[in-house]
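Those protein sequence lines, which keep their order, are chains A and B.
So for the first sequence, the numbering used here puts the first residue at 10; every next one is plus one.
So for the second sequence, the numbering used here puts the first residue at -19; every next one is plus one.
Keep in mind that the hints were calculated from the coordinates and are not lab data.
There may be inaccurate statements among the hints.
What the hints assert, rightly or not - Partner residues are not named here, just some residues of chain B that face chain A (Cβ under 10 angstroms, in silico):
#1 Gly14
#2 Gln16
#3 Thr58
#4 Val59
#5 Pro67
#6 Asp80
#7 Met81
Backbone N, C-alpha and C fix where the C-beta goes; we use that ideal spot for every residue, glycine too.
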Amino acid sequence: MPYMKGEPMNDNKEMKSDAALEVSRRDFLGTIAGALSAVALVIVADDAVYIASGAEPGAPLPAGGYDPDKHSYVYVIDITKCIGCGSCVRACKAENNVPDLFFRTWIERYMVSRSGEVSVDSPKGGYDGFDPSITGDEITKAFFVPKMCNHCSHSPCVQLCPVGASYRSPDGVVLVDEKRCIGCGYCVQACPYGSRFLNPETKVASKCTWCYHRITKGMRPACVEMCPRGVRKFGDAKALHDEVSEIIATKQVHVLKPELLTEPNLHYLGLSMEVR
Amino acid sequence: MDHTKHLWRVVLILVLAGAGAIIGRHFLIPKSFGEQGFYRYDSLGDYMTQPVRHGGDAACAACHKDRADAKAGGKHATVSCESCHAPMASHATTEAKTADMPKNRDMTLCLWCHQKLRARPETMPQIEISEHLAALDPEDAKKADVCFNCHDVHNPSMK
């Protein structure tokens, strides 16, 4: 070791006079430095072997050969068809173990009067359906709007996560690493669509995953699967002849809060200006 | 070179700091962090291994072909089995039945979709329950199967 080669320690009289110490300070520090360097070298070598072994980025994912780089998911909700039955809300709860009174997807009922007054309700997210009695002025238009995470291409929730727990996967799904999340709740406040919450059971942020465990197996998200009216459509922009990409390309679709430049990948057909 | 030992001290401190940084980084940063971006790539795998609970209509039809066929021919063709019953996983695993098929026989099940609501598209068949069951005794109207007495739920034309 280079630092052992210096002058003998004849200049360190204090050290020599200390009978209790059998090792000199220099030797002691040198040993520590040597040991630490050795451990560091082992780690560097270990990492080098890991990289050299062809463990390409993304290689260690489970499930038969799913490659996130070959997909780019998109979602369309056709408001004109939605009957507000709540099947999607119930399906999401069951599929993802969402705690009571928290929602990864929910349905809002908009009722607009001629004077422009807008009333919105979403009792238990639409889980138990909606109250048929109508209050207020004469309603001139009314409709249901299913809401969920917009899986934005430029999402504020990902940008501000201080620990890298919020991220957007290569296939375009905004996810939370529940093992890494510290539960600070910044992302819950940052989401302009109210799509996130702190799960009272796990104490970390939780949100719609587009049923990542399903879509990576070639299945559709539970909400899409359970929708009886074909309101919700899930597609892959990188797939050939994709129905949903075709709708986005050819129909008059809209996104929520486009002025925020978050570039949602959830598109709406038949969206009305009252929807926020 | 009287000052050599000072240089060695600096070298020692740098070596210690460098080794400490490498070791600390190794234990504090998860293995797949940063592979694809500022996140732990293995987190995708955590999500992918989550259990699937809704099996889809094809899974139901494997055992209940009669019901699936009845449904496919009627107006409930687009209604998923599990949206009225329950997620398949609670009732059956790959081969075996683990519990009875959950059945909601209450009118609330039908009214989730067919209660007349102002916000519902007019193309959807809807009823006002007081008018629809006007001929029935109010107590009878509350009983289970009140809808199924007249309608076959899997193919909901009049029986």
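Here's how the hints hold up against the structure:
1. Among the interface hints, the one on Gly14 (chain B) holds; its C-beta lies about 8 angstroms from the nearest C-beta in chain A, closer than the 10 angstroms criterion.
2. A least Cβ separation of about 6 angstroms between Gln16 (chain B) and chain A falls short of the 10 angstroms threshold, and the interface hint therefore holds.
3. Interface restraint check: Thr58 (chain B) against chain A, minimum CB-CB distance 5 angstroms, threshold 10 angstroms, status holds.
4. A hinted interface residue such as Val59 (chain B) counts as satisfied when its beta carbon comes closer than 10 angstroms to some beta carbon of chain A; here the least separation is about 4 angstroms, so the hint holds.
5. Given hint, Pro67 (chain B) at the interface with chain A, holds; its Cβ is 5 angstroms from that chain's nearest Cβ, closer than 10 angstroms.
6. At about 17 angstroms, the closest approach between the beta carbon of Asp80 (chain B) and any beta carbon in chain A exceeds 10 angstroms, and the interface hint on this residue is violated.
7. Annotation: interface hint on Met81 (chain B) violated; nearest CB of chain A at approximately 15 angstroms, more than 10 angstroms.
The earlier numbered hints that this structure contradicts are 6, 7.
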